[in-house]
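Given only the sequences and the hints, what does the whole structure look like? Please build it.
Residues in the sequence shown are numbered from 1 upward in steps of one, following the UniProt record's numbering.
Derived by calculation from the structure, the hints in this document are not laboratory data.
Just so you know, these numbers come straight off a predicted model, no measurement behind them.
Any given hint could turn out to be false.
With a Cα cut of at most 30 Å, we get these calculated DSBU-like pairs of lysine-lysine [unchecked claim]:
#, residue 1, residue 2
1, K7, K58
2, K147, K58
3, K147, K7
Label-pair distances were calculated between CB atoms; the ranges are [stated by the list, open to error]:
#, residue 1, residue 2, range
4, S116, Y31, 17 to 27 Å
5, V115, N30, 16 to 26 Å
6, A16, N51, 13 to 23 Å
7, N30, L148, 22 to 32 Å
8, M97, A73, 40 to 50 Å
9, L148, A86, 36 to 46 Å
10, A73, N100, 19 to 29 Å
11, S84, A16, 27 to 37 Å
12, P82, A8, 37 to 47 Å
13, A57, S119, 20 to 30 Å
For every residue, glycine included, the Cβ atom is placed at its ideal position computed from N, Cα and C.
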Amino acid sequence: MNDVFYKAVIAGIFSALTLSVLAYLESLGNYGVWLMAPFGATAVLVFGVPNSPLAKAKNVIVGHFITAVIGLAFISFIGVDPISIAIATGLAVTAMMLTNTIHPAAGANPILIMVSGQSWDFLIMPVLVGTVFIVICGYISGWLNTKLNVVGHKKTA
Numbered sequence: 001m002n003d004v005f006y007k008a009v010i011a012g013i014f015s016a017l018t019l020s021v022l023a024y025l026e027s028l029g030n031y032g033v034w035l036m037a038p039f040g041a042t043a044v045l046v047f048g049v050p051n052s053p054l055a056k057a058k059n060v061i062v063g064h065f066i067t068a069v070i071g072l073a074f075i076s077f078i079g080v081d082p083i084s085i086a087i088a089t090g091l092a093v094t095a096m097m098l099t100n101t102i103h104p105a106a107g108a109n110p111i112l113i114m115v116s117g118q119s120w121d122f123l124i125m126p127v128l129v130g131t132v133f134i135v136i137c138g139y140i141s142g143w144l145n146t147k148l149n150v151v152g153h154k155k156t157a
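What follows is the structure in structure tokens.
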């Protein structure tokens with residue numbers, strides 16, 4: 001089997017395992033929110049295209065953090081309506097670009113946070129805890145891909 005197949009299978013397995021751990025922890029009930037929809041897109045980048053600048057740990061963690069802060073600030077100080085949601089999302093894109101932490105999945109955070117009425121606790125769980133966990137799993141996935149290449153599977157350029 002070819003290298004693309006192995007990488008795709010590892011990406012799929014690690015995406016499923018990572019998100020299932022977060023979903024399981026959330027299902028326990030009293031331990032907070034562990035999972036949010038943008039993590040699905042984050043998994044595509046971290047596990048599917050790990051060498052992309054958009055999948056860097058800094059982009060994943062800081063991009064999600066900045067955009068979540070913006071969404072939470074709008075809830076707290078400005079309010080939620082169609083215009084504020086649009087402005088918050090535009091501001092989130094601008095902030096990620098200015099800080100060189102572009103992560104497309106994080107662009108959904110202001111919308112998600114504002115529409116669902118999240119509190120500042122959301123910044124810790126799921127945003128920070130979840131993104132750090134995904135990044136750690138991404139490093140493990142990358143290590144496994146490297147080991148498979150060393151064991152004899154051809155490397156691609």
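Okay, the hints, checked on the actual structure:
no.	hint	in the structure
1	K7 <-> K58	holds, 23 Å
2	K147 <-> K58	holds, 24 Å
3	K147 <-> K7	holds, 12 Å
4	S116 <-> Y31: 17 to 27 Å	holds, 18 Å
5	V115 <-> N30: 16 to 26 Å	holds, 24 Å
6	A16 <-> N51: 13 to 23 Å	holds, 21 Å
7	N30 <-> L148: 22 to 32 Å	violated, 39 Å
8	M97 <-> A73: 40 to 50 Å	violated, 18 Å
9	L148 <-> A86: 36 to 46 Å	holds, 44 Å
10	A73 <-> N100: 19 to 29 Å	holds, 21 Å
11	S84 <-> A16: 27 to 37 Å	holds, 36 Å
12	P82 <-> A8: 37 to 47 Å	holds, 39 Å
13	A57 <-> S119: 20 to 30 Å	holds, 26 Å
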